[in-house]
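Colleague: Given next are the chains, with one letter for each unit.
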Amino acid sequence: MNWLLVVEQCLNGLQFGVMLFLMAAGLTLVFGIMNLVNLAHGSLYMVGAYLATAAVMRTGSFLAAVVFALVGTLAVGMLIEVLALRTLYERDHLDQVLATFGLILFFNEAVAVVWGRAALFTTVPPALAGHITVLPGIRYPAYRAVIILVGLAVALLLYVVVSRTRLGMLIRAGASNRTMVAALGVNIRLLYTVVFGFGAALAALGGLMAGPIYTVLPGMGEEILIQVFVVIVIGGIGSIRGALVGAVIVGMVDTLGRAFLKPMLSTVLGPSAADNAGPALASMLIYILMAAVLYFRPQGLFPAVRA
Amino acid sequence: MRSRARTLTLLGGLVVLLLVPVAAALADQPFYLDLFRRIMIFAIAAVSLDLILGFGGMVSFGHAAYLGIGAYAVAIPAFYGITSGFVQWTLALLLAGLIALAIGAVSLRTSGVSFIMITLAFAQMLYYLGISINAWGADDGMRLARRSEFGVVTLANGYVFYYVVLGLLVGLLALGHRLVNARFGVVIRAAKSNEPRMRAIGFSTFRYKLAAFAIAGAVGGLAGALLTNQTEYLTPSYMHWTRSGEIMVMVILGGMGTLYGPVLGAFAFLLLEDLLSAWTVHWQIVLGPLLVLVVLYARRGLYGLLPGRDG
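Protein sequence lines correspond, in order, to chains A and B. When we follow the numbering used here, the leftmost residue of the first sequence carries the number 95, and every step to the right adds one. When we follow the numbering used here, the leftmost residue of the second sequence carries the number 62, and every step to the right adds one.
Worth flagging that the hints you see were computed from the coordinates, not collected in a lab. What you were told as hints is all true, and nothing was included just to trick you.
Computed list of lysine to aspartate or glutamate pairs in DMTMM-like fashion (alpha-carbon distance at most 20 Å, straight line):
(1) Lys-356/A / Glu-102/A
(2) Lys-253/B / Asp-186/A
(3) Lys-356/A / Asp-369/A
(4) Lys-253/B / Asp-189/A
The shape of chain B in the complex, shown without the other chains (with noise of 0.2 Å):
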């Protein structure tokens, strides 16, 4: 019975999203669609953030880097003309793949703090080397003339942007449900649990861990590549290290180590943005205090309140 009623709120939640479209159409305010589209992405960051900080326990605070891969990768093509879909979200998905491969065979060597801190520096050097690079950009960044198009199908079209979103969403949770439940999953859960036991029973958690870095780096890389067609801009700003940051609360607000936490917790935290940000330009001096309010005292995250959560 629980389980039916949360079952039941996220079908609801389900719904709500595949009428926003409909509802913005009707209203006739757009910015209603542009706002849900970008939530969604966010969430998708979130989600594969969660992969690794809450089913992993691998506190990166260098998830933005791979945001800004992704949308360099959408970027730099259609700046020479290739606005193939098809080949930009590859290259989104298999250069934060690599580079998160990369990254974290160096940092999976250190654990604790030291992670935390190497994962940051690496996805600052990737935001200065952003900075630098004069012919994309450098910091002004630069406009994406056209949205990425698949065929006949193109995401200039804002409506058609959405359920391609939020059909990749509903994809990547389908697709994180079966990975965290499978073997590799359980592997990885039980190595944040205790590792030396992990390895003393035989296994190289040093690689599965990586593997799961990888998988959440080249997610990240997709929503990467989706945000910057929702801004149809680029700039070494998606990996400021504050993005890092705003992804990883949205993880710890929504309740990490769970699938849907980090949905909830970016829609949590980009509508109480918006909302803050039409009151006030100094909105973050509210934010920040709240924020240590929240991490204080609040620790269960969103997904703990639905109701008929077991346990």
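If we strip away everything but chain A, and leave its shape as in the complex, we get (with noise of 0.2 Å):
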């Protein structure tokens, strides 16, 4: 095994579990707040990801489809916050689960009429297309490159947004007493439209950054949303360092597995075997790390302090 590959994968490891970060920090974070399980989120995902497509392939600019996917898709989040999910905040989480289930298959079905099943792919903007020298010898795509900091970026910028403005003060207010926020002159229904829009637009960013290395196509977001629950119940529900942590765990155990997986059982169980059972032990790799966190902490590694 050379040095070369395993840095390589651990980027690609690194830069999957910064996607998986954007997606569970909107989820955790509306969960946290709004007490909201939303099964929809993934479905942002993948109007994030088709609205970035539809503008790149009409305008070419890669930075015009940016706006116009976290614009959209903002948009979109707030309406169906404003339409549907609001009333479900006072509701158990089953009813909860099936009225997302419900957005799931009408946005799966509704970007299949307007673009057709069939999945559609972009190309990564011609300015980010080239490799970068990361260490001395070892290259890497400058688009998956770009996908790491952004998502570090907005790590940082939850992390000041939360816990250092007074929006942030608001937002922790209201997740802990909702009619005390609201007794106080706060307008707490707007607030948690603009949270909602807001989660959104990560996982929009989130689908829009996938497009070109991933394949677009209807129920991409729902694959990767199930992988987001994994990361969330190992980081604990409602915290958004968890989020970052169990994103990051969840990201490198999945693409180590993935790549290492195989070569490693073969020289133990031989190359034929191992061809079965490598692809299969990889893929279950995460749930099994999952029930063994939730074996020993079963509340997750940084469980939220709720009041």
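Each chain sits in its own coordinate frame; assemble them with the hints.
Modeller: Given below as structure tokens:
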């Protein structure tokens, strides 16, 4: 095994982890504050990817696509919050799961109606198509490096917003006592709508960056959504720090497992058995990890402190 | 008087189900035999989910996993030439029950949202496992060469298969009735409404819940065994998470925490699907918002609309 490959796969793991984090942050924020389980979060990721792809095809400018996808998904998110999800905050989780399941069916079918069922492909923007040298002798695709940087920047920004600004203070206050915040004259409904839209935009950011490296097709949101659930369960529900740590762990384990489990198994089991067992085991790895974490810490690694 | 009206309604439903094959044969429309058999198979799955979801308050979002296990337990022996239903179905019940036991042992350590996410994640894990096993069809799946055979009785005959499914459904409802009213069922229901109190008076609620979870899994496995016989095909998509969602919708639509509700829900959901899909290929674009509306505005389920329901 050569070390160049190991470093490259570690970076890939980090890149995937950052992607998971963008999704997990929005999901866990919405859950922590509004107590809403939003299965349709994956749909917002998909909407972001589709809007960006459509905008790139129309205008040819990646920057315009980024803006269009972020603003568009923000609007879609706020719209579904006002139309449907708002009424669900007081309901039990089962109702929330069912209603957002209905939204998933709707969104998957809606994008199929507009853009068709076949996968769309876009390319990496030309300015980021090259490679950069991360360490002497190690070159890495610039686009993926940018994803990592954007993700880390978002993590930092989130930390600053939630813990250092007035908006963040309101968000934290709204999470611990909704009625009290409302009584103090804050428009809590509007605040919730804004937070939801913000989470939707984070999902769209993940989706639009995913477009050029994965495929854009109906149902793409749920594939990542379920991995994001694993992230959240491992990190601890409602905690942004937990989401970051969980996302990096899951990203790394999944990527390294897929890359190295098969060659490692083939030295033990022989190549033909490893051909079958390797991919199967690699795809199960994060779930096994989740079971192990749950066994020792059912509340996750960084449980949110709740009032 | 009130409960008599309900009994009559249910008996009427049973008579209709008994007569479906006759009508289908007279009208020469075998499609309806197929449709109603499929609906009853999903009704079995929905009843098994309701046992933990409605009666036990465990929101399992991974019930399709057990369907898948049951399907594999039939198709893999069949692939190697073992077509005996006794072997296949026993395997389906046992395997699904044991895997449910393992999944439940981990998942039941949590509750609420974590429980929903974890059961979903485990089901998805089995789905990916199914997809990656090339020897048994991977994501293309494989054909079931012959339906299960029980000595001289073979499910290859669609009518025989229909009445077997109907018999199993009725049997399951009778067993379920005994179970939820037995001490076991009372403990499960009490644990749903107040678990700390149950623990305080000395019940190990974890064990009871785990047992219920495993039973529901085993019955789900049976439904899977029937499903793969129905379609004569095995595909990992039986375990896809949308399937879990659909079964859950059937339970809620029909009325959770009731025995007959999920059966009604299965009928309503699949008949609606059949109608909508005949009308447009994009039927989910109608179904999705409809589902949201049902959750927002009609929470009691169809069973609550039946005549003579007390309370």
